[in-house]
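Line order of the protein sequences matches chains L and A.
Residues in the first sequence are numbered consecutively from 1, following this note's numbering.
Residues in the second sequence are numbered consecutively from 1, following this note's numbering.
No wet-lab data here; the hints were simulated from the structure.
Think of the CB as a built atom: it goes at the ideal place given N, C-alpha and C, for glycine as much as any other residue.
Among the clues, some could well be false.
[Said to hold, decoys possible] One side only, chain A facing chain L, incomplete, derived with CB under 7 Å:
(1) Ser44
(2) Pro46
(3) Lys123
(4) Arg127
[To be verified] Under the rule of at most 25 Å between Cα atoms (straight-line distance), these lysine-lysine pairs were calculated in the BS3-like manner:
(5) L:Lys17 <-> L:Lys59
(6) A:Lys320 <-> L:Lys167
(7) A:Lys458 <-> A:Lys178
(8) L:Lys180 <-> A:Lys94
(9) A:Lys111 <-> L:Lys196
(10) A:Lys288 <-> L:Lys166
(11) A:Lys157 <-> A:Lys458
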Amino acid sequence: MKKADEVAVKKSPTLKKLIKPAVFIIIGILIAFPLFSITYYTMVRTSTPDFCASCHEIKPAVRAWRESTHVNNAVGVVVDCMDCHLPAPQNTFDFFFAKSYHGLKDVAIHFFAEEYDRERARKNAYAAFENTECQKCHRNLLNMPNSRGAMLAHRSVIYARAGYEKKCIDCHYDLVHNDKIAVMYRQYRKLPYQAKGLRVEKLGI
Amino acid sequence: MRKMPLTRLIEIFVILSMICAVPLAVSAQQTNYPKVKEYRIERSIPPEAVACIECHRATTPGLFGDWAKSRHANANISCLDCHLVQPGDTDIAKGHDKYYSRSDMPYGEGKYKVPIASIVTPKDCSRCHPDEVTQYSRSKHANTIEIMWKLDPWLNKGMNSDNERKTGCFNCHGTVIKIDDNGNIDPNTWPNAGVGRINADGSKGACTSCHTRHRFSVAEARMPEACDQCHLGPDHPQIEIYEESKHGTLYHAYKSEYNFNAAGGTWTAGVDYRAPTCAACHMSGSGKVLTSHDVTERISWETQAPLTVRPENFKPFPSKSDWQTERNKMKAICQQCHGDSWINDFYDGFDKAVEEYNEVYFKPVKKKMDELYEKGLVDKTKYFDEHIEVQYYELWHHEGRRARMGAMMMAPDYAWWHGFYEVKNRYNAFMEEADHLLKTGEKAHIWSPYPNATGNTKRPVEVFPE
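Isolated chain L, as found in the complex:
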């Protein structure tokens, strides 16, 4: 009997102990859910090409992108700004960090820097690009029976010899953000697509 009483006595303070954290958790959820939702919503809202084009500096780039084969192709795949210009969202921390950093930097530059130099920005973008960003979508690069030259070149990138590491954009440049006279449709491309070959500045001279 004594023993059972002791157990009963012990039980009620445990329950009492649990109430406090439960209340906090509920309050936490009530605060955090809208907060996360707002953050997430902000991220989604600020991740669209339309949002990027709200800065006048970026408008020409968005226009050129809209006319490119990364938007216009027979499979209907549209590759957004974020898909190439930011780390993959599964690398959540990198993604948020890079996005916030670029956002703040771009605002600061918009207000304080001198004129926007598109060519300089292009060079910076080339330098910042990682192959993994392209390889999110372009994954089967080694087996291309119709394009054996590309098969050879891609092997030299994916299995690069030390000292000969290359980026996708070293050969595939001016692919999206080049000014065009008409909208490019991939399915209407008359000439077979070819990479341009190594950019002269990549030749190590």
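Got chain L; can you put chain A on it based on the hints?
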């Protein structure tokens, strides 16, 4: 009466056999005709490329046949993979468009029309061979126009004509390709497959110098014959030196046994070849040393310079490596066939030859030449227009190089008779002439007018941006 039908019969037989012989003769003749190389389109290939192939089979069968036997054709790499350009590019061969309206030609139809460039550059090759182009682009081969303009008095003083340059100098060194707005290549700059050609897309050189069109053979570039179009003659007889050396002797004796077609990275000393060719030591992978398209990488002395210096101290184009590293690489290649004492003692002789050339011959002559200029006894405005300038030039540029290169590649006749023997004679003649001028205070006779000294002296802006 009886004889008549017999003669008649013979007559008929002869006539009949002659008639029969005609088609026989024709068919016999046909077997002597070379057959046009077949090319059946059995793998997927764009229709525009089929048009190229079918038309060029008829119009330029030699070019087509070459390609059809190449590794490129084997891998289904067609004309378009190298020659295709994009609309708006500066090097479009606009004249080529007219062939698409020639109804007398197979595939002469507008629907096959694609913009193409006549000149395929290392940048185009880099689409599939990026590492080879990267190595090549930092070599002295690729940058020879820059080096030449930084050093050469023929160019800088305009002592030869533009055509002497086109047919002579630039044929090996390369031209600066110019294409006008109509897509026509400036005939002063073309045809050219020089190692340092400056192309319209900014890339340097021509892979076709060594891997000639349209076979693009690895085997060909491994043979010394690939190098001998340029590396010969009085000023740098590398091929003659090679031929005289034991390496060259063995090459000629055993080349039928050589496996020139070994896959890249597998060409092996003692297995695929007995004695090395130029490429085997200067470019190919060997032992642990990896293949490089930078042909000047493994050199430890600049034996072509007036004063022999280490490659990293060669002012017009200093190497990015250091000579000791590169010599060790070359020694590792020697080690595929030679023992250490052989290698070290050979280098001992080479280093001594360089030192003797520098100290005993070149430096005193240079000092004397400077003194003549300083005292105004030799005129500085032009070059080669005074006898003593030619003496000085030939001492380092002709026999001085032969002596050093002959010692380097173990060709005794070039090290001595064509080399140091001639250097000695030139040294004595130079000193006699110089001392005479210094003693008498007489000014050197100037050859004037100097023939055909009409060449442009402006450095190409493509290489030296203003």
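These are the hints, each one checked on the structure:
Because the closest C-beta pair between Ser44 (chain A) and chain L is about 5 Å apart, less than 7 Å, the hint holds. For Pro46 (chain A), the suggested interface contact is upheld, since its CB lies about 5 Å from the closest CB of chain L, less than 7 Å. Annotation: interface hint on Lys123 (chain A) holds; nearest CB of chain L at approximately 4 Å, less than 7 Å. Hint on Arg127 (chain A) holds. Least Cβ distance to chain L is approximately 4 Å, under the 7 Å limit.
Of the supplied pair hints, the one linking Lys17 (chain L) and Lys59 (chain L) is violated, its CA atoms being roughly 58 Å apart against a limit of 25 Å. Our distance criterion of 25 Å between C-alpha atoms is met by Lys320 (chain A) and Lys167 (chain L), whose separation comes to about 23 Å. Under the criterion of a C-alpha separation no larger than 25 Å, the hint pairing Lys458 (chain A) with Lys178 (chain A) is consistent with the structure, at around 15 Å. A threshold of 25 Å between alpha carbons decides the hint, and for Lys180 (chain L) with Lys94 (chain A) the separation of about 21 Å falls inside it, so the pair holds.
For a cut-off of 25 Å, the pair hint linking Lys111 (chain A) to Lys196 (chain L) stands: about 24 Å separates their Cα positions. Distance hint between Lys288 (chain A) and Lys166 (chain L) is fulfilled; the C-alpha atoms sit about 24 Å from each other, no more than 25 Å. The suggested pairing of Lys157 (chain A) with Lys458 (chain A) holds, with an alpha-carbon distance near 10 Å, which does not exceed 25 Å.
Violated hint for the displayed structure: number 5, the only one.
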